[in-house]
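Novice: These protein sequence lines map, in sequence, to chains A and B. Here my numbering runs 1 ahead of the position in the first sequence, where the first position is 1. Here my numbering runs 1 ahead of the position in the second sequence, where the first position is 1.
Please note that a few of the clues may not be correct.
Put simply, identical chains are the same to the list, so a pair is met inside one copy or across any two.
What the hints assert, rightly or not - In silico DSSO-like links for lysine-lysine, alpha-carbon gap of 30 Å or less:
{"hint": "1", "residue 1": "Lys283", "residue 2": "Lys563"}
{"hint": "2", "residue 1": "Lys495", "residue 2": "Lys553"}
{"hint": "3", "residue 1": "Lys98", "residue 2": "Lys629"}
{"hint": "4", "residue 1": "Lys553", "residue 2": "Lys408"}
Honestly, the hints are just simulated from the structure, not real lab data.
2 protein chains.
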Amino acid sequence: MATITTRTGQTMDRQAMDSMLRRRMFYTPAFEIYGGVAGLFDYGPPGCALQANLIETWRKHFVLEEDMLEVDCSVLTPHDVFKTSGHVDKFADWMCKDPKNGEILRADHFVEAVLEARLKGDKEARGQKVEEKEEDPKKKKKKHKSVAVQLDDAVVKEYEEVLAQIDNYDGDQLGQLIKKFELKNPETGCEPSPPVPFNLMFQTSIGPSSNLAGFLRPETAQGQFLNFHKLLEFNMQGMPFASASIGKSYRNEISPRAGLLRVREFLMAEIEHYVDPDGGKKHPRFTEVEDIELVLLDKETQLSGKTDTKKITIGKAVKDKVVDNETLGYFIARIHLFLEKIGVDMSKVRFRQHMANEMAHYACDCWDAELLTSYGWIECVGCADRSAYDLTVHKNKTGAPLVVREKLNEPITEHKWVLELDKKKFGPQFKKDGKVVAEVLEERLTQEQLETFANELESNGSFVVDVAGVASGKATVSKDLVKIEYKTIVKHVKEYTPNVIEPSFGIGRILYSLIEHNFWTRGSEGGDDARGVLSFPPSVAPTKVLIVPLSKNEEFSPIARKMGQKLRALGISSRVDDSGATIGKRYSRNDELGTPFGITIDFQTVKDGSVTLRERDSTTQVRADEAKILEAVQAMVNGSKLWKDIQSELPKFEGQELEVR
Amino acid sequence: MATITTRTGQTMDRQAMDSMLRRRMFYTPAFEIYGGVAGLFDYGPPGCALQANLIETWRKHFVLEEDMLEVDCSVLTPHDVFKTSGHVDKFADWMCKDPKNGEILRADHFVEAVLEARLKGDKEARGQKVEEKEEDPKKKKKKHKSVAVQLDDAVVKEYEEVLAQIDNYDGDQLGQLIKKFELKNPETGCEPSPPVPFNLMFQTSIGPSSNLAGFLRPETAQGQFLNFHKLLEFNMQGMPFASASIGKSYRNEISPRAGLLRVREFLMAEIEHYVDPDGGKKHPRFTEVEDIELVLLDKETQLSGKTDTKKITIGKAVKDKVVDNETLGYFIARIHLFLEKIGVDMSKVRFRQHMANEMAHYACDCWDAELLTSYGWIECVGCADRSAYDLTVHKNKTGAPLVVREKLNEPITEHKWVLELDKKKFGPQFKKDGKVVAEVLEERLTQEQLETFANELESNGSFVVDVAGVASGKATVSKDLVKIEYKTIVKHVKEYTPNVIEPSFGIGRILYSLIEHNFWTRGSEGGDDARGVLSFPPSVAPTKVLIVPLSKNEEFSPIARKMGQKLRALGISSRVDDSGATIGKRYSRNDELGTPFGITIDFQTVKDGSVTLRERDSTTQVRADEAKILEAVQAMVNGSKLWKDIQSELPKFEGQELEVR
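Kindly produce the complete structure, drawing on both the sequences and the hints.
Specialist: Below is the structure:
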């Protein structure tokens with residue numbers, strides 16, 4: 002576990018926090034009474050409310066603020082869609098098996114863990130101080146024990162170079178590393194089997210006849226892309242625009258660990274922003290964010306083996322081409338503002354750029370918002386420029402017009418070589434190869450090739466073209482089948498496939514990191530009297546107000562109930578705690594739940610309608626009549642006032658004497 | 002299609018509505034560009050917003066109003082959980098196959114359709130007027146064509162009796178009906194194969210080794226039950242209480258039809274209210290609802306072959322034992338209030354009681370809220386008393402304490418026969434049968450049996466007990482192994498398994514029915530100029546305000562943008578339509594989207610800040626300064642004022658002259 006400091010300067014005690022989260026039912030392993038299933042969790046009431054508030058904030062910050070088109074698409078997805086998108090073939094991790102105990106290992110994590118253990122053993126043998134490395138929950142299956150054995154300097158260097166590019170190896174290469182370095186599973190002393198790909202999508206079959214294979218989506222994106230044409234129409238052809246979706250996705254992780262950070266079922270919020278690739282992907286509202294300072298870790302720095310970040314405005318980052326374009330930069334800045342709004346500790350945020358070999362092959366730039374936790378730096382938001390890849394592959398597969406057609410104010414005149422097929426003759430000539438040959442001729446030839454072929458038709462009456470999809474690899478095309486002419490074309494309409502900028506949020510990871518960033522303890526550090534506090538901002542706190550009748554006196558109960566109703570009418574969630582516990586205990590319980598405000602009803606309330614208001618982080622109190630207190634709470638929940646404003650407006654209250662009545 | 006009248010007295014034109022819903026992208030078949038998959042739909046922006054507003058209203062009406070404990074549980078569920086709950090064995094429909102074309106038929110729907118077609122043919126042959134029967138989308142695969150052939154009177158009677166209890170047949174019986182009546186698939190003229198069960202759960206496999214079978218949950222309930230113990234603890238042992246969950250569920254329907262009404266992936270909102278079965282299941286807030294009048298269709302009426310409803314207060318229904326208990330009655334009334342709040346046409350609502358043979362075997366009473374649509378009466382909410390079934394089976398399977406232990410104020414003294422085992426001797430004696438014999442002795446014996454066995458031990462030194470799980474079916478127990486004594490027991494703690502009342506909402510079905518209930522057309526009925534309107538209440542309407550700049554004049558655009566920001570700050574969603582279309586066209590478009598209010602910005606606005614406000618249903622307008630208009634909109638959205646209040650407060654505006662400028 003990495004050593005992390007809380008906001009209050011304490012050493013973060015994850016064990017204490019975990020125990021508190023379990024006790025207060027923020028989340029819990031799913032199916033626990035049946036022994037549980039790794040990577041599946043249930044959210045209890047506070048976790049569920051926190052998640053709902055994060056989603057609501059996200060929707061306001063992104064969807065409403067920018068008029069995005071929110072959709073809710075099917076999770077069940079037929080095979081063909083993910084075949085086209087590349088997920089059937091490529092959405093896999095490499096796994097190998099221990100021949101002795103049958104244990105299944107994720108190949109890259111296994112290689113990494115064994116080499117790291119050897120390097121640690123080397124350091125111990127050399128008598129160097131071994132620092133606990135930050136644990137990366139996405140990578141380690143488990144920590145391997147090190148044995149103090151000194152290695153040759155050259156070996157150390159080789160291991161370090163392998164580790165630096167561990168994300169870069171395919172299955173064969175990982176298999177070779179296992180052989181070369183004689184890597185054994187410490188559990189059994191055996192060398193695992195050669196890595197094989199394991200597709201991470203959950204498969205099922207749709208309908209009664211079992212012949213329609215389907216998957217649970219591993220991301221919400223494809224559903225949005227498939228609806229692009231309808232969304233563009235809904236948006237009355239206006240460009241650029243964005244669609245957005247909030248929903249569950251599924252990945253069949255080989256060995257899920259680290260609580261909410263690597264799970265098999267998770268809530269995502271994704272935006273697909275469609276932009277014309279011409280004109281440098283400008284964004285009309287970029288000026289609103291250009292002065293925002295971000296902490297960036299760019300790819301050059303990482304490739305040089307370092308992790309030094311720089312603080313730089315997004316305006317300068319785009320100008321210097323550190324970030325590829327304005328639209329990508331705009332969303333990175335908006336993500337930063339969102340994280341700030343929900344109460345993430347901004348000193349524990351960085352934006353890390355993907356290295357070339359790490360990015361999907363179609364992406365042209367990608368930045369992850371990473372949050373520092375006791376598990377290390379956690380990727381919580383990805384922000385990628387997916388180029389025109391997705392819309393293009395689905396368009397090519399289905400023929401659906403996933404393009405934008407814009408009327409040009411000024412027509413454009415082009416001179417170019419154009420090929421026309423005689424379809425009637427073409428089919429009978431090429432038979433089953435007709436479609437693939439036609440596709441090459443109509444869509445794949447460059448202007449240079451067309452000119453050459455035109456000349457050959459003229460001189461020889463035919464030409465030969467490479468066609469990968471036919472048996473001979475070539476097709477001979479004679480002049481009765483095609484016509485190639487140099488034409489003047491006047492275009493009144495511009496047609497293009499938009500590029501997609503995709504900010505993609507893992508809500509569960511954000512939720513967990515947010516909890517860690519806001520956890521601290523009151524009382525002596527690590528002592529028995531240490532009590533947990535979760536200092537969520539009022540807007541995202543699961544419950545906003547705890548209503549505390551001083552005692553079980555029956556006069557208090559109708560007042561408490563009515564106060565709950567009034568708060569509800571203001572849209573503010575509250576809970577009444579009329580248990581017999583002391584006021585102090587009841588407040589402690591709610592500090593653990595992150596409830597920012599407490600209102601106490603006492604005998605004075607019955608007489609004059611005044612109540613006390615307590616603030617969670619400072620534990621200070623004010624007293625005023627109920628209407629004023631509710632108004633104050635509303636102002637703090639909607640963010641228009643802070644506790645210090647309220648303290649200067651309403652009389653302070655020192656209420657200790659009440660507790661002993 | 003059943004003939005349905007709109008709120009405005011028009012004949013409901015479903016085709017016109019469907020075409021409008023598609024054009025405005027309320028929802029759309031999922032994966033349409035790949036040919037689509039039956040029973041899977043995507044919600045476009047207005048459908049998605051409508052769904053979000055229904056959910057928000059639901060959460061306020063149920064979860065917040067009653068301090069329910071909301072949880073969010075895993076959809077992926079391991080096999081064992083659904084084995085215990087009975088879903089693996091029983092959650093199935095009967096299907097048969099056409100031997101010629103391989104078509105898969107749902108057996109009950111097939112029998113029903115063929116018999117109904119024959120009855121229709123009989124009526125035609127007799128020269129009777131044939132009324133189009135209401136289509137039930139849950140039942141028919143497709144309408145079978147009738148041929149005018151007269152049947153014997155006795156045959157007609159037999160067919161009618163079969164149809165009246167079609168939900169009552171199992172697979173064998175359906176197979177016998179097919180044989181007996183020689184039912185053929187009209188597509189092929191063939192008799193389908195005997196019915197076999199088809200489990201409706203989607204199956205998958207969890208983890209890399211493929212040996213953990215899992216399902217997609219068909220309801221959210223089980224996740225809530227499994228967490229009962231933790232929820233009770235979270236609720237500080239307080240009873241009664243309710244948990245609630247909103248999330249997707251999945252059912253692999255044999256042949257989904259009828260749009261959103263029968264789908265394979267759907268959003269549910271479910272409440273599990275836990276109550277002590279002792280004391281008649283009273284509800285503390287029942288008095289708040291007892292005078293609410295409901296339209297009930299009870300089981301006795303249905304069993305007598307009628308569908309006459311009666312209007313009766315829920316108080317009287319519970320008193321007369323038409324509805325089993327107060328808690329069930331309370332939730333039925335709360336469901337009624339919810340449907341009213343979201344804008345359902347209450348003249349198209351009835352609560353239908355399940356007949357004995359229709360209910361799950363463990364339920365003791367169940368009522369469906371059914372909404373009348375052009376597809377007939379649609380079950381949109383179920384409200385069942387599930388008794389202690391679920392908690393009991395999971396407790397028995399896992400040993401988890403899914404019970405309530407309440408400290409008794411007055412201890413209870415009981416005198417009874419108690420059996421004690423000598424575990425040390427017992428195991429060696431019975432070996433592998435030990436566990437099952439012990440279970441019978443310790444848990445299954447009645448007081449009468451214990452007394453008899455005590456006497457036999459005394460006289461014979463042993464007794465013989467029936468044990469189904471051992472080879473001989475009996476076990477002989479001697480007195481060195483057990484002691485049976487008549488004891489006085491003082492209980493300080495009452496332990497019981499709560500009963501569960503479950504209101505369960507199909508959000509997609511409610512959403513569709515709500516759309517139908519609020520659809521009507523303006524202009525001449527059925528004419529080309531007929532324009533659709535969706536009269537949603539402001540609180541659930543997808544977008545609340547359309548901001549309409551009179552023209553593309555550049556002075557209007559910043560005013561529109563600022564107005565959008567002000568509305569956002571008030572929590573009110575709006576859209577700007579600055580397209581070049583006429584004002585009339587822009588308003589028409591938004592009537593189709595159900596947007597209740599339109600604000601027009603014109604040249605007068607630039608001069609004096611006044612704007613016009615248009616109401617969707619009446620198309621009347623008022624004019625005032627912006628602040629007053631926004632205040633009026635806010636009051637109408639939060640429900641504190643109606644349009645007629647605003648009309649009496651603000652000056653009327655006749656704005657036709659603006660359109661021609």
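Novice: If a hint holds in the structure, say so; if it does not, say that too.
Specialist: For each hint, the structure was consulted:
1. Taking the closest pair of Cα atoms, Lys283 and Lys563 come within 30 Å of each other only across two copies (23 Å); inside a single copy the shortest separation is 53 Å, beyond that limit.
2. In this assembly of identical chains, the alpha carbons of Lys495 and Lys553 lie at most 30 Å apart only when taken from different copies (24 Å versus 74 Å within one copy).
3. For a Cα distance limit of 30 Å, the shortest separation of Lys98 from Lys629 qualifies neither inside one copy, at 66 Å, nor across copies, at 71 Å.
4. Taking the shortest alpha-carbon separations for Lys553 and Lys408, only the inter-copy value of 18 Å comes in at or below 30 Å, while the best intra-copy value is 73 Å.
Of the numbered hints stated above, the single one contradicted by the structure is hint 3.
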